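Could you put together the complete structure from these sequences and hints?
Protein chains: 2
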Amino acid sequence: MVGGGFGGLSAARALARAGGSVTLIDRNNFHLFQPLSYQVATGALSPGEIAVPLRRVLAPFPRARVLLAEVSGFDLHERLVHCRPMAPAAEPFSEPYDVLVVAGGSSYSYFGHEHWRPYALEVKSLQSALRVRSRLLAAFEAAEIAREHAEQRRLLTFAVIGAGPTGVEMAGQIAELAHEVLPGELRRARSRQADVVLVESAARVLPAFPPPLSLHAERSLQALGVRLATQHTVVEIARGLLRLRQRDGTEQTLEAETIIWAAGVSASPLAGALAAAAGGELDRSGRLAVEADLTLPGHPEVFAIGDMVRLRSTSGGTATPLPGLAPVAMQEGRYVAALIAARSSGRGQPATFRYRDKGTLATIGRARAVAQLGRLRLWGFPAWAIWLTVHIFYLIGFENRLIVLTRWAHSFFTRGRGARLITEEAGGPREGPVARPPHDSADRR
Amino acid sequence: MVGGGFGGLSAARALARAGGSVTLIDRNNFHLFQPLSYQVATGALSPGEIAVPLRRVLAPFPRARVLLAEVSGFDLHERLVHCRPMAPAAEPFSEPYDVLVVAGGSSYSYFGHEHWRPYALEVKSLQSALRVRSRLLAAFEAAEIAREHAEQRRLLTFAVIGAGPTGVEMAGQIAELAHEVLPGELRRARSRQADVVLVESAARVLPAFPPPLSLHAERSLQALGVRLATQHTVVEIARGLLRLRQRDGTEQTLEAETIIWAAGVSASPLAGALAAAAGGELDRSGRLAVEADLTLPGHPEVFAIGDMVRLRSTSGGTATPLPGLAPVAMQEGRYVAALIAARSSGRGQPATFRYRDKGTLATIGRARAVAQLGRLRLWGFPAWAIWLTVHIFYLIGFENRLIVLTRWAHSFFTRGRGARLITEEAGGPREGPVARPPHDSADRR
Chain A
18 MVGGGFGGLS AARALARAGG SVTLIDRNNF HLFQPLSYQV ATGALSPGEI AVPLRRVLAP
78 FPRARVLLAE VSGFDLHERL VHCRPMAPAA EPFSEPYDVL VVAGGSSYSY FGHEHWRPYA
138 LEVKSLQSAL RVRSRLLAAF EAAEIAREHA EQRRLLTFAV IGAGPTGVEM AGQIAELAHE
198 VLPGELRRAR SRQADVVLVE SAARVLPAFP PPLSLHAERS LQALGVRLAT QHTVVEIARG
258 LLRLRQRDGT EQTLEAETII WAAGVSASPL AGALAAAAGG ELDRSGRLAV EADLTLPGHP
318 EVFAIGDMVR LRSTSGGTAT PLPGLAPVAM QEGRYVAALI AARSSGRGQP ATFRYRDKGT
378 LATIGRARAV AQLGRLRLWG FPAWAIWLTV HIFYLIGFEN RLIVLTRWAH SFFTRGRGAR
438 LITEEAGGPR EGPVARPPHD SADRR
Chain B
18 MVGGGFGGLS AARALARAGG SVTLIDRNNF HLFQPLSYQV ATGALSPGEI AVPLRRVLAP
78 FPRARVLLAE VSGFDLHERL VHCRPMAPAA EPFSEPYDVL VVAGGSSYSY FGHEHWRPYA
138 LEVKSLQSAL RVRSRLLAAF EAAEIAREHA EQRRLLTFAV IGAGPTGVEM AGQIAELAHE
198 VLPGELRRAR SRQADVVLVE SAARVLPAFP PPLSLHAERS LQALGVRLAT QHTVVEIARG
258 LLRLRQRDGT EQTLEAETII WAAGVSASPL AGALAAAAGG ELDRSGRLAV EADLTLPGHP
318 EVFAIGDMVR LRSTSGGTAT PLPGLAPVAM QEGRYVAALI AARSSGRGQP ATFRYRDKGT
378 LATIGRARAV AQLGRLRLWG FPAWAIWLTV HIFYLIGFEN RLIVLTRWAH SFFTRGRGAR
438 LITEEAGGPR EGPVARPPHD SADRR
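Top line first, the protein sequences correspond to chains A and B.
Counting in our numbering, the first sequence runs from 18 upward without gaps.
Counting in our numbering, the second sequence runs from 18 upward without gaps.
You may find that some hints are simply not true.
Some chain A residues judged to face chain B by a derived CB distance under 7 Å, without partners named [stated by the list, open to error]:
id, residue
1, Asn46
2, Ser63
3, Ala76
4, Leu85
5, Pro102
6, Gly129
7, Glu158
8, Pro200
9, Leu422
10, Thr423
11, Thr440
Rather than coming from a laboratory, the hints here were simulated on the basis of the structure.
Note that the coordinates shown come from a computational prediction; the quantities given were computed from them, not determined experimentally.
Glycine included, each C-beta is placed from N, C-alpha and C at the ideal position.
Given below as structure tokens:
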């Protein structure tokens, strides 16, 4: 079992519960409740509240093991996973398997513009969310000290690229922070005038949702003070600088201290490693083509699930990929566990995997959300109440649920944000990509 | 006002409450409840639960400002504080004052052995406590993967140097983690056999407490499986290696992956900066001598408080320094605020500062503590109940109190530790002081 995300952990738990001997390999010692990592990035929640140690989750199952290691490759012939331990000074090792499940997830893709990466922030991993938190708060702190007007404006300009659920949530949270939480705390910086821009190349935000819900989301965002830049594509990202192009070809330059990337997604390199080992195919986003039962073509003992795969359609080609959502990965994980259990007990193979879409949700801010549940469309407070219930329900660990509820209840009434701590050195002047006056960057290009 | 620790924040709050115009300068954007930072280091609490944004604490006072900057020096003649902003790319600036209060705190001293510092971990700041957490957990993870017996033993050896309250608490928590929490989660590493050594040069642990309480603390530590090495001094610290000398001169070498330093303390460099600006004197630990009203000799408008000062006795020499505890700093902070308010309202100067010792506490583990309250000495559960009450009471922020209580209640009954996350890269193989087989270090010396 490789990967302790939603897919990998679901499969591992289901297999362990069925009495199987399971080894879970991950680079992190925790499972991250990724849909809430943007809340860590804005100081609404603490890391310990949305992450739970993998060892603790699997502690009740004596035949389940956790290894903290990075997977460097596969030997499908000898049935080995090659690992590099994350622990200091430990030697690489290879772990044998009978059945392999790979759930490597995905990361952000810069559409071939890898040189943008150092200047953009992400909220995918817990570590990167903590970096965003430090950088975001440091920008407000710098604005409180800055004396020049132009410098203040650059520091208080926040660009979020990509208006999918993550981008929408992130922009909404930054706007709440700037326009509602911080004005009472900052004395010189005019955080109420902060410019929070949400950039999206499509014609509307949340393009995967039906148009009426996009409209509701847009109104909610505007009410929070988010500036929408739909039909804008990114031409360039540099230090403290963002260049956008509109449909009609006009370009504009935005001087922004904080640039957050939440746009394209590409599959984990493990998809490529598996394809190399098995001779499989990858699509444009690096996703591995798998059979309808989530096995690798020609390798019934190797499964791949989650964001890193694309189901082959029955006609042999590849079908529309399933969305990269937690429910998809979790259903795939449980399906694979059931299939493995059925095989080992000699029962017949279950039917091929089918995703049961229970709906999608996106939250925009305090008491604002949109929800698509089958044919039912909700927005505003009802959607937000469902969002809250679902997220609390799926948070792993009773203690975390209680703590997150306490924090949310508190911040709902006070609009406070308790975990606003600058703990990463990237927030300091000597480390990380340091902002420079924008003309510097312009010269360098 | 320089420094947002217990002393500085107490003074700032009291002054702001009295309607004064206050500027608080700190390198961190948060106040840390330092007595609990060891709980972050062992994953019992999350950073957000023991730290609160300074801005939020001072938000109710419109005339109170917070600046995120490092103080680089003082000009007492022109009445300026020279600052380097922590925010990226911001210019140095000087902040004028009418009255200055400096509360710079202290850091660990290596008694002149600065080359030990890179190999030892500390739990003084939030950042260093997070580093300890990652390194501590990574050692157990590495032990789970390690195949050689000697390597396993080195990884599962934890040395804590200095048996003051911090050292005792740290050793107790590591022992609980190794002997009670992790055995149910690790499959290969024998964490029950982990060696947790508490090194102290004095004849007993908690030397500042009365001997009977030291004895109780020693029994509690031994019950948790901590090995006591009293009357041992440190001769050398290197990578994964600790050399100790007993009273009789015999030396021994300990191969330990994790070495935590909680021994000597030296005053903040700001004490030296003030001494240089005012021509004052420093003691052996770098503490600045201040008058009985906490002003700098010859500078009635400059106050220094907390761990970084030593009161001059009335006879002109220096008295025994007050202990470096939160209550001392807080009482000093409030005294200074009262004095400043009295002066500006034309009332007479209050009496000189006198520390009111309400007692000292040290906790060792779950339901184990010792307390000295005036003449009353308590240990075991009663002492622990008092410790719990006092710490919850003094935690700033209602929300934090509630969350910490929830977490403690949960872990009291389940012995779990929810915030066991490896988030610092220092835990990885490519950054920070990496452990090497001990003979390497021995060769290099």
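We went through each hint and held it up to the structure:
1. This hint holds: Asn46(A) has a C-beta 5 Å from the nearest C-beta of chain B, less than the 7 Å allowed.
2. Because the beta carbon of Ser63(A) sits about 3 Å from the nearest beta carbon in chain B, less than 7 Å, this interface hint is met.
3. The beta carbon of Ala76(A) is positioned within 7 Å of a beta carbon in chain B (closest approach about 5 Å), and the interface hint is therefore held.
4. For Leu85(A), the interface hint holds, since its Cβ comes within 7 Å of a Cβ in chain B; the closest pair sits about 4 Å apart.
5. Against a cut-off of 7 Å between C-beta atoms, the interface hint on Pro102(A) holds, since the closest Cβ of chain B lies about 5 Å away.
6. Among the interface hints, the one on Gly129(A) is violated; its C-beta lies about 27 Å from the nearest C-beta in chain B, farther than the 7 Å criterion.
7. For the restraint placing Glu158(A) at the interface with chain B, the shortest Cβ-Cβ distance is roughly 4 Å, inside the 7 Å limit, so the hint holds.
8. The interface hint given for Pro200(A) is violated, since its Cβ lies 10 Å from the closest Cβ of chain B, which is over the 7 Å cut-off.
9. Against a cut-off of 7 Å between C-beta atoms, the interface hint on Leu422(A) is violated, since the closest Cβ of chain B lies about 10 Å away.
10. Below 7 Å, beta-carbon pairs count as interface contacts, and Thr423(A) has one with chain B at about 5 Å; its hint therefore holds.
11. Hint status for Thr440(A) relative to chain B: holds, with the closest Cβ pair at about 6 Å, below 7 Å.
In this structure, the hints that do not hold are numbers 6, 8 and 9, in rising order.
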